[in-house]
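J.: Here is what each chain is made of, one letter per residue.
Number of protein chains: 2
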Amino acid sequence: MTAIDPAVEAHLEATRAARLESYFEFLRIPSISALPEHGPDMVRAAEWIVGELTRMGFEHAEVSPTPWHPIVYADWLHAPGAPTVLVYCHYDVQPVDPIELWETAPFDPFVKDGRVVGRGAADDKGQLHMHLKAAEALFATRGRLPLNLRIVFEGEEESTSVSLPGWLAANRARLGADVVVISDTGFHEGNLPAITESLRGILYTQIDVAVGPIDLHSGSYGGAVENPANALARIISELKDRDGVVQVPGFYDDVRPLDEATRTRMAALPFDEEAFRSRISAPALAGETGYTVLEREGARPTLDVNGIWGGFQGHGEKTIIPAHAHAKVSMRLVADQDPEVLWPKFRDYVLQVAPPGVTVEVSKLGSGRPSATPVDHPVVRAAASAIEATFGRPPFFRRNGGSIPVAATFEETLGLTVVLMGFANPDSNAHAPNETMVLDNYETGIRTICLLWDRLGANGLGG
Amino acid sequence: MTAIDPAVEAHLEATRAARLESYFEFLRIPSISALPEHGPDMVRAAEWIVGELTRMGFEHAEVSPTPWHPIVYADWLHAPGAPTVLVYCHYDVQPVDPIELWETAPFDPFVKDGRVVGRGAADDKGQLHMHLKAAEALFATRGRLPLNLRIVFEGEEESTSVSLPGWLAANRARLGADVVVISDTGFHEGNLPAITESLRGILYTQIDVAVGPIDLHSGSYGGAVENPANALARIISELKDRDGVVQVPGFYDDVRPLDEATRTRMAALPFDEEAFRSRISAPALAGETGYTVLEREGARPTLDVNGIWGGFQGHGEKTIIPAHAHAKVSMRLVADQDPEVLWPKFRDYVLQVAPPGVTVEVSKLGSGRPSATPVDHPVVRAAASAIEATFGRPPFFRRNGGSIPVAATFEETLGLTVVLMGFANPDSNAHAPNETMVLDNYETGIRTICLLWDRLGANGLGG
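As given, the protein sequences belong to chains A and B, one line each in that order.
Residues 26 to 488 (the numbering used here) make up the first sequence, in order.
Residues 26 to 488 (the numbering used here) make up the second sequence, in order.
Hints listed in this document are in silico derivations from the structure and should not be mistaken for laboratory results.
Mixed in with the good hints there might be a few duds.
Heads up, the list lumps identical chains together, so a pair's fine if it works in one copy or across two of them.
Stated by the list, open to error - Taking lysine-lysine and the BS3-like style, the derived pairs with C-alpha atoms no more than 25 Å apart in a straight line are:
hint	residue 1	residue 2
1	Lys389	Lys343
2	Lys389	Lys370
3	Lys137	Lys370
4	Lys343	Lys370
5	Lys137	Lys389
Generate coordinates for the entire structure from the input sequences, incorporating the hints supplied.
T.: See the structure below:
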């Protein structure tokens with residue numbers, strides 16, 4: 026097993042203190058994409074990154090405008106015959122509310138118990154900074170990179186990446202690459218190294234049920250007209266059976282069956298079901314019969330009501346039949362389900378099971394495809410090997426129940442495989458107060474990246 | 026068929042203009058029980074009534090204090106051997122919002138197209154005033170009444186009669202009577218004379234479902250925990266089947282079957298189903314199989330969600346599993362269902378059908394017994410006969426789907442049969458802008474009351 030280039034390691038060891046200071050400098054820019062008052066900070070963060078990229082040796086580094094927050098682009102393409110990797114991270118961060126729960130100022134980072142504490146330490150400025158410093162170490166020791174790199178750092182990831190799809194489509198011609206590496210995920214429980222092999226997609230809908238324009242007196246009309254809230258409850262109850270199986274016809278048609286290799290891989294993940302339950306104070310876990318908790322969360326589609334409302338919500342009693350009732354209903358999808366194929370099936374089924382006597386409307390509010398990386402993809406294999414060489418143990422393969430639309434956006438727009446190699450510790454408090462990044466994940470992860478680039482440069486994608 | 030005493034008729038005819046002026050004088054007092062700033066008006070209205078009662082010949086007339094708005098009490102008990110009737114009306118009115126929809130000032134009554142227009146014209150100050158003027162006509166022509174009367178006029182009916190049950194219980198000893206006559210209902214569609222033979226009771230509950238203290242990410246937990254909103258929908262869907270039949274075990278045990286006589290009586294009611302549907306703009310009517318719309322509304326129990334809420338209700342998408350979800354669920358009951366007997370059955374059934382993986386709480390928010398008057402009760406028969414003699418046609422018997430808790434309160438606290446003899450035109454706009462009372466209903470109804478008192482005094486309750 027090849028270890029990291031000693032010259033690169035020597036450089037990294039010699040620059041540790043300066044690197045931490047640079048990491049802090051980057052975190053101090055309050056690049057909150059959601060808040061308009063931080064617009065200038067977004068530009069400042071993007072310019073700071075471009076300054077770094079240019080200084081170390083990247084070319085075409087630019088703050089590329091979009092309708093909202095700029096995208097940072099750069100490339101270095103002077104390794105003929107070597108693969109081209111497009112690296113994606115994001116430089117924007119979540120807001121800091123509730124600010125009173127932070128132990129210190131969110132944008133004044135410091136180290137405590139071996140962790141960097143501050144907004145963005147892990148999600149995702151810390152991981153972006155790892156890529157900067159890995160490339161810098163390679164440029165500094167050799168004046169070149171071992172492979173071709175394209176950099177795409179986004180500033181709207183925490184605000185639904187409004188501009189990215191359009192930007193990718195508009196820049197498709199100059200974004201040719203062999204693979205996309207996204208560093209915006211994390212390790213497994215216990216801070217065990219992991220690669221995320223899949224993300225769930227989503228189909229988000231709203232169901233609106235009405236009987237008429239105004240609330241009705243439940244004495245004068247109760248029993249003689251359909252009640253929209255009762256009707257909505259019946260519709261929702263028909264969407265999933267008591268065993269957690271979605272009842273929409275054709276819903277499972279394109280679900281990739283869980284093969285034995287995948288189930289074995291998932292069963293090998295250390296997972297404490299009782300700790301999972303206890304952490305959320307649920308009275309018990311639930312879900313589709315015949316699947317483990319991790320399979321239900323990561324490898325099986327599901328359906329959830331995200332919100333429901335109609336009629337009287339105050340204290341005490343009001344005797345009305347609500348004029349209308351509403352629910353947000355979303356489905357998490359797995360490969361190879363296609364939200365655009367499922368949408369009409371869902372809509373038709375809702376209308377079919379709706380009781381007579383009410384009008385029912387079904388709307389699609391949003392969708393995103395699921396994303397899955399073949400675990401035998403050469404870049405996945407190389408990443409796993411680099412992780413094992415640097416962290417000392419092979420990574421677990423995780424299936425993430427959430428949806429990172431960016432991954433599917435890259436797959437769809439550029440037609441590229443996406444490898445999700447993230448380094449955040451699972452207790453990073455991403456999106457929450459007191460966000461942290463374990464410094465060892467950061468430092469060792471930089472070495473993982475250097476080693477991965479070296480190996481891909483030397484061996485290509487042949488396998 | 027005995028007609029009204031010619032002397033009484035002559036008195037009523039001679040005093041018509043003065044009576045209307047007195048009616049207006051009473052309506053001009055803005056006795057809105059719900060609004061604290063009208064507290065002095067409530068006392069003024071009560072004192073105005075007591076002045077009238079005293080002047081015409083009642084005894085023990087008093088503004089009787091309660092913890093909130095006073096109750097007007099009076100009696101005249103000098104007809105030994107004749108029945109004693111307790112008359113209930115209320116002198117408080119609904120607020121006038123939305124004020125901009127009134128054609129004129131709500132407390133400046135006037136006559137338009139044969140109707141008195143103004144807040145309280147029908148509900149219920151107009152009907153209270155009818156009882157005042159009927160008694161006054163009898164006192165004025167004879168110096169006495171043909172039977173014993175007790176007057177109980179309440180000031181909180183539009184504010185859930187907070188004080189009445191306690192006042193009745195505290196005054197039980199001095200409220201001895203043979204029957205209670207309540208004039209707070211109305212005629213049938215088309216202004217056809219009617220007696221209300223039943224009111225539905227109510228059991229009002231709340232169901233609270235929770236999975237834990239905080240909303241969960243629907244990606245990280247979707248499929249692995251029960252969703253409280255989905256669980257609540259399942260519970261609600263189990264409460265009633267697709268045929269409108271309530272599924273709570275034992276729910277129908279005490280429902281008095283609809284006998285043929287009652288069904289025939291109800292079928293005789295003029296009723297335009299399409300007009301009923303069209304008035305509320307419902308796409309179709311619905312309800313329990315095997316019953317007519319009027320039976321469903323008036324003679325069968327039912328169950329309705331009055332409100333439902335949980336999770337995200339805003340625009341767009343939020344991908345959460347709501348920490349908790351809630352519903353207000355009420356049942357309308359018919360004789361002889363007892364909400365206190367049904368409550369534990371309902372609660373146990375909800376807990377039984379609830380899916381595992383969530384905590385479920387069921388609370389009772391309120392209840393009221395159904396009320397039914399035997400149509401062959403001698404006072405009902407006498408009232409029907411008096412209506413026919415004065416209005417020229419026999420009354421229909423209506424089953425009112427709503428609940429007037431006051432009726433059951435009298436039945437329960439005093440153990441008396443309640444006769445619901447009301448005179449409001451069905452298009453009275455009670456509780457709404459431009460409330461009206463058809464003057465002919467008012468004038469003829471006063472004669473109905475005089476005739477009824479005369480007949481009950483002459484014939485007693487023997488039948």
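J.: Take the hints in turn and mark each one as holding or not.
T.: Going through the hints against the structure:
no.: 1; hint: Lys389 / Lys343; in the structure: between (32 Å within a copy, 13 Å between copies)
no.: 2; hint: Lys389 / Lys370; in the structure: within (12 Å within a copy, 40 Å between copies)
no.: 3; hint: Lys137 / Lys370; in the structure: neither (52 Å within a copy, 57 Å between copies)
no.: 4; hint: Lys343 / Lys370; in the structure: between (37 Å within a copy, 22 Å between copies)
no.: 5; hint: Lys137 / Lys389; in the structure: neither (45 Å within a copy, 52 Å between copies)
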